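All chains, please: the whole structure from these sequences, using the hints.
Spelled out from the first residue to the last, the chains are:
There are 2 protein chains.
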Amino acid sequence: MQWAISRRAQQLTSSAIREILKVTERPEVISFAGGLPSPASFPVAAMEAATARVFADNPAAALQYAATEGYLPLREFIAKRHNVGVERVLITTGSQQALDLIAKVLIDPGSKVLVETPSYLGALQAFSLFEPEFTSIPTDDKGLQPEALTAELTAGARFLYALPNFQNPTGRRLPLERRQALVARAREFGVLLVEDDPYGELSYTGDQLPTLLSMNPDGVIYMGSFSKILAPGLRLGFVIAPPELHFKLCQAKQASDLHTPTFTQRVAYETVRDGLLDRHIPTIRELYGKQCRVMLDALARHMPEGVSWNQPEGGMFIWLQLPQGLGLDSMAILEEAVKRNVAYVPGAPFYASNPQRNTLRLAFVTVPPERIEQGVAILGKLFREAIASAPQARAA
Amino acid sequence: MQWAISRRAQQLTSSAIREILKVTERPEVISFAGGLPSPASFPVAAMEAATARVFADNPAAALQYAATEGYLPLREFIAKRHNVGVERVLITTGSQQALDLIAKVLIDPGSKVLVETPSYLGALQAFSLFEPEFTSIPTDDKGLQPEALTAELTAGARFLYALPNFQNPTGRRLPLERRQALVARAREFGVLLVEDDPYGELSYTGDQLPTLLSMNPDGVIYMGSFSKILAPGLRLGFVIAPPELHFKLCQAKQASDLHTPTFTQRVAYETVRDGLLDRHIPTIRELYGKQCRVMLDALARHMPEGVSWNQPEGGMFIWLQLPQGLGLDSMAILEEAVKRNVAYVPGAPFYASNPQRNTLRLAFVTVPPERIEQGVAILGKLFREAIASAPQARAA
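Chains as they are written, first to last, in UniProt numbering: chain A, 1 to 396; chain B, 1 to 396.
Quick caveat, the hints were computed from the structure, so don't treat them as lab data.
Only a predicted model underlies this, so the values are computations on that prediction, with no experimental measurement involved.
One thing to keep in mind: the hints can contain errors.
No copy labels: a pair is met if it fits in one copy or bridges any two.
Stated by the list, open to error - Only pairs whose alpha carbons sit at most 25 Å apart, straight line, appear in this in silico SDA-like list of lysine to any residue:
id	residue 1	residue 2
1	K112	Q10
2	K112	Q11
3	K112	S128
4	K22	P243
5	K339	R384
This is the structure in structure tokens:
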């Protein structure tokens, strides 16, 4: 029997990330592909103690249905950290769910949605289910270019989706003056900003730039996550929104999963309530900063001329560009890379339109230093070969 | 600033259930409104021991990102219980999420969706976000009437949504011969069946009727839940679907929340793997059966003539009908009931069309027996007054 499915489901194709995650399950593969945080960064002992307290305190409440908005003490904790009223905070089942809820509340078929070039693949997927028309905003190596936002470009846009801190996939951080310009232009043109910020705490030096939310709380939907500072297996994120949008997001959430698991919310709150994050996050910053330097050093040693990459100030990713104009496609090269037991994520799926196929994303946080060195050496050799045998290189 | 929101979000109105849950938070209210399972039924000690094992065994895996399909041992456990291949099983964040995913994959704006009369409010909400046209199928006190399904009624329907076991809100169980007739007609007319079965295990005598899934695995999407047999605060449900639909549901889930929390999946599996459900479910059946009898006895003592209700064989609900033809509206009467500190859920929101406003749902599982007696006595008096002063009664 062939069942009739929705138009949106017909458009769903197998995700590049899914296919790649399958490959990287082989232990011999050195994977720079995953977006997984390092398990070494999970505060296991603190979470185990917190869970014991949840069972000791009020297990019946921890295991019962609860309010859609989320566990009040956890919402208060978040509200305080972000200096907003608790009535604006909604707990979500990972920040991926926040993307789904935002799409439900804001996107009709054909709605204009502004995205960075490139942008987070998971967001493009979540939004796509609701059939928007994406408009790509130009970026350079500092991120989104606010001066590109004109009345014409933004006309009728439901929102602009941005990742100002250590963006997935590029690792770029938007400078302060660009944040100010972005908020000013968004205000001028009446564009709602959706700020996705899972990596904001992961600045290697600990310096943090103000969020877009802090610059204009009534014009920003802010998305945060415990996945990179506590543990992703809890699937805990949150969204801070202006009151009228908060209310709609809650209603959409109620229809989507009633509420995020009470149990994980209470475990997370018991884990962080005494200030653990202030002690714990610096250890993640140090770990990731060290891993990043190892990869940057290896890239400097092994990459052939013409390959370029950024120097992240935080986060989990480096964005690499193979020489332009040679017709190089990182997706095609990945097949050979995997044969040599190294994986990365090709850049093309991160573009809403006109993909730059010479780009790729490298994640460095879960790979031991000696394997980073080894994997980058293999990639360096492979890219050298690819450049030498590129269609345009041969033609020249 | 008034932001432009989606057409579906404009349709979202405050849910009757949400408003009622607020009222019932006052401790003096005797609430027959909640659909909450009894906390006395949560196997807390077993879950606490299971959680300790999860932390002891492999905490890094329990706290890390994982596959969208769900934790394989838990999927295998479910596949075995339902005698299907594990490749058909997808773990969801509560069965509410299964409703959302099914809607995403199967409903376009204007798609015909067949529902029982009345049907589960949470399903109507989840489906409504995707803007279907509901067609209500007639029911009587045994549930859905299969002979109502004709070629004309079912033409072009994306699916038929049914709760054959102890339906929410009516508590009705579909007899075996109706199940057989339903499956036969669905097959004849090419209608996909969506079987929602959170209460199937809660037969008071332990006798269970075959699922629609077991009668035609390739024509049924089956939804199950751990909420009523373990604990709802874990938000763990599952969906069993024919392979091509399973694949689409997984893709939709990936965009919706990546995966259900790894932590809760492992805790649930560690709780049930040694056969706990076989020992535990009989205790829930006994508890709920006893509570149901207390309410049935109280209803028989206190309800005025003309009020009728069913005698559930399982589940958590009794469906009550005030006399017809008097213009009685259980929603209007609820305001007075709450003033007298008793709550229930009015029947109207459970109808996709043409609500019968003289109906209401009573939940009995969380209220102590003496409070059931007290609350039903108050309702009996109130309904007697309402009947006496009903518009049509006065006019007569």
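Against the structure, the hints come out as follows:
no., hint, verdict
1, K112 to Q10, "both (21 Å within a copy, 18 Å between copies)"
2, K112 to Q11, "both (18 Å within a copy, 20 Å between copies)"
3, K112 to S128, "both (11 Å within a copy, 23 Å between copies)"
4, K22 to P243, "between (41 Å within a copy, 19 Å between copies)"
5, K339 to R384, "within (16 Å within a copy, 79 Å between copies)"
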